[in-house]
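Visitor: Chains as they are written, first to last, in this note's numbering: chain E, 1 to 285; chain Y, 1 to 236.
Treat the hints as calculated values from the structure; they're not laboratory data. Yeah, the Cβ is synthetic: ideal placement off N, Cα and C, and Gly gets one too. Hints are supplied without guarantee of correctness; some may be wrong.
[What the hints assert, rightly or not] So the derived label-pair ranges between C-beta atoms look like this:
hint, chain 1, residue 1, chain 2, residue 2, range
1, E, Arg175, Y, Phe112, 18 to 28 Å
2, E, Phe160, Y, Lys127, 13 to 23 Å
3, Y, Gly15, E, Ser116, 26 to 36 Å
4, Y, Gln194, E, Leu110, 54 to 64 Å
5, E, Ile114, Y, Ala63, 53 to 63 Å
6, Y, Leu173, E, Arg175, 27 to 37 Å
7, Y, Gly86, E, Arg162, 39 to 49 Å
8, E, Pro278, Y, Ala63, 42 to 52 Å
9, Y, Asp227, E, His93, 48 to 58 Å
10, E, Phe267, Y, Lys127, 49 to 59 Å
11, Y, Thr111, E, His93, 55 to 65 Å
12, Y, Gly86, E, Phe256, 25 to 35 Å
Here are the chains, one letter per residue:
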Amino acid sequence: MFSQLASSLTDGLLLGFVYGVAAMGLTLIWGVMSVINLAHGPVIALGMFATYLMFTLLGVNPYLALVPVAFFGLLMGFVIYGVAVHRVINAPHLSSLLATFAVNMIIIGLGTAIFSTSPQNIDFPLGSLEIGFLTIPVTRLLATAGAVLFTAALYLFLYFTRTGKAVRAVANNRRAAELMGIPSSLVLALSFGLGTMLAAVAGGLIATFFPFTILSGGPYELKSFVICVLGGLGNPLGALLGGLILGGLEGLIPTFMPVSWVPVVEFGLFVLVLLVKPSGLLGAK
Amino acid sequence: MNLLEINDLASGYEGVQILWGVNLRLEKGKLTTLVGSNGVGKTTLLSTAMGLLRPWQGNVTFAGQDVTHLSAHARAQAGMVLVPEGRQLFTEMTVYENLEMGAFSRRSQATFKQNLEKVFDLFPRLKERFRQKAGTLSGGEQQMVAVARGLMAEPEVLILDELSLGLSPLLALTLFESLTRLKKTGLTMLLVEQNVSMALAVSDYAYVLAEGRVHLEGPARDLLKNDEVRRTYLGI
Numbered sequence: 001m002f003s004q005l006a007s008s009l010t011d012g013l014l015l016g017f018v019y020g021v022a023a024m025g026l027t028l029i030w031g032v033m034s035v036i037n038l039a040h041g042p043v044i045a046l047g048m049f050a051t052y053l054m055f056t057l058l059g060v061n062p063y064l065a066l067v068p069v070a071f072f073g074l075l076m077g078f079v080i081y082g083v084a085v086h087r088v089i090n091a092p093h094l095s096s097l098l099a100t101f102a103v104n105m106i107i108i109g110l111g112t113a114i115f116s117t118s119p120q121n122i123d124f125p126l127g128s129l130e131i132g133f134l135t136i137p138v139t140r141l142l143a144t145a146g147a148v149l150f151t152a153a154l155y156l157f158l159y160f161t162r163t164g165k166a167v168r169a170v171a172n173n174r175r176a177a178e179l180m181g182i183p184s185s186l187v188l189a190l191s192f193g194l195g196t197m198l199a200a201v202a203g204g205l206i207a208t209f210f211p212f213t214i215l216s217g218g219p220y221e222l223k224s225f226v227i228c229v230l231g232g233l234g235n236p237l238g239a240l241l242g243g244l245i246l247g248g249l250e251g252l253i254p255t256f257m258p259v260s261w262v263p264v265v266e267f268g269l270f271v272l273v274l275l276v277k278p279s280g281l282l283g284a285k
Numbered sequence: 001m002n003l004l005e006i007n008d009l010a011s012g013y014e015g016v017q018i019l020w021g022v023n024l025r026l027e028k029g030k031l032t033t034l035v036g037s038n039g040v041g042k043t044t045l046l047s048t049a050m051g052l053l054r055p056w057q058g059n060v061t062f063a064g065q066d067v068t069h070l071s072a073h074a075r076a077q078a079g080m081v082l083v084p085e086g087r088q089l090f091t092e093m094t095v096y097e098n099l100e101m102g103a104f105s106r107r108s109q110a111t112f113k114q115n116l117e118k119v120f121d122l123f124p125r126l127k128e129r130f131r132q133k134a135g136t137l138s139g140g141e142q143q144m145v146a147v148a149r150g151l152m153a154e155p156e157v158l159i160l161d162e163l164s165l166g167l168s169p170l171l172a173l174t175l176f177e178s179l180t181r182l183k184k185t186g187l188t189m190l191l192v193e194q195n196v197s198m199a200l201a202v203s204d205y206a207y208v209l210a211e212g213r214v215h216l217e218g219p220a221r222d223l224l225k226n227d228e229v230r231r232t233y234l235g236i
């Protein structure tokens, strides 16, 4: 019983890191420009397919494929920002919600036409690792390592580079940033690109151990919302913490009750946090 | 020589006209003051001059170049630097990071270290606080960070909006003293102030704005003796 519990928890926590990366993408965009990106899920799905296509068509190792997938995600973000978000950036929130939702529908429509909705998977088995009584699939471990790597890279970028600091400055006070000579529109485009990059990378990581369709991004987008609210919207560290909590719950819950209860508990928790501490666990202000 | 010229400038917000053809000149190396009561359009004038607000008519030239259609960040890159009203610091970032962001423009990067020393020399207190989040500082310290951040940009012209607002008289005095020190270095400044007596005392030239127009202008010394100015703004 105990060993089963421990391995479910480990499984869940490892998955939680990947959830954290997806949620960080969402929370970064919100934190910098107060836009809720409803195209987040489809970009996650595109990350899955980009990894899949590179693996099946070109034979690229799915973990190495993450590098081009990250660039692809960044590029997607620039395009989405330029086409749909920039012109409504100062408009009321409803406009950017509708604009990103439109992008969501376009990606899903095109994706369904091209890939159909039959499930795909990346057949790249790596076996499992036995650590004491724990049995951990290697794909999960590598996905966690990838997630930690991207999180660390994001942190280093935001806190130790000039451009990263400019991103934080624009998030903090766009007008003042503009007055200091920071081209804030470019910074917004870059931040949006980084947000979608994280989404695409999370998608690529998930694709290495779960089957997926073009619609698979939806549930992860919802999870990202729950995680962001749990951790405090706009706070990347909170997103990671929220991801671990959600992953841990998903690991543990099925050992006590039917799996179909997972979303009930997750969204119950979501409502509870909104009621008790709407700013999230690590939310400031 | 005029470093900054504002010609016949009109602007406002969403159909409400605030400025009605303002003319203003900043002579290089001089400290100019703009005074006026609340709501006469001082901040609107600065926002329009800096490119945060589109002008309805008129133009702005800086160092002989027409900058009327440049974005705010491009003007900052060119050396027009505004220390905005209410400080507008990056409150979630450290004092040092605020100064780094002040020096974001390319023109200020080569001289970053010298400017940092200059700024710490001018405001020694910031040196003790430089790892602290700017939002946790006191009002006076925050105003010092705001001025310091502006100076880090290596400005050709430094525009200070309501420098002394909400500060104790002693702190205001300290800040005005640092302005006179900056003036000695040859920096061109425009000061927008509600503390009229202090502002006129340190300035070379002054403008009085009323109802969106320049109502009076002249050497600061003369305006200090002007009866109307004394009655309306100095309460004497």
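Visitor: Determine for every hint whether it applies to the structure shown.
Guide: Okay, the hints, checked on the actual structure:
1. E:Arg175 - Y:Phe112: 18 to 28 Å: With a Cβ separation near 23 Å, arginine 175 of chain E and phenylalanine 112 of chain Y satisfy 18 to 28 Å, so the hint holds.
2. E:Phe160 - Y:Lys127: 13 to 23 Å: 22 Å, holds
3. Y:Gly15 - E:Ser116: 26 to 36 Å: 53 Å, violated
4. Y:Gln194 - E:Leu110: 54 to 64 Å: 58 Å, holds
5. E:Ile114 - Y:Ala63: 53 to 63 Å: Once the Cβ atoms are compared, 55 Å apart, the range 53 to 63 Å for alanine 63 of chain Y and isoleucine 114 of chain E holds.
6. Y:Leu173 - E:Arg175: 27 to 37 Å: Roughly 29 Å apart at Cβ, these two residues keep to the hinted range, so it holds.
7. Y:Gly86 - E:Arg162: 39 to 49 Å: 26 Å, violated
8. E:Pro278 - Y:Ala63: 42 to 52 Å: The hint (42 to 52 Å, Cβ to Cβ) holds, given that proline 278 of chain E and alanine 63 of chain Y are roughly 50 Å apart.
9. Y:Asp227 - E:His93: 48 to 58 Å: 53 Å, holds
10. E:Phe267 - Y:Lys127: 49 to 59 Å: 50 Å, holds
11. Y:Thr111 - E:His93: 55 to 65 Å: 42 Å, violated
12. Y:Gly86 - E:Phe256: 25 to 35 Å: 53 Å, violated
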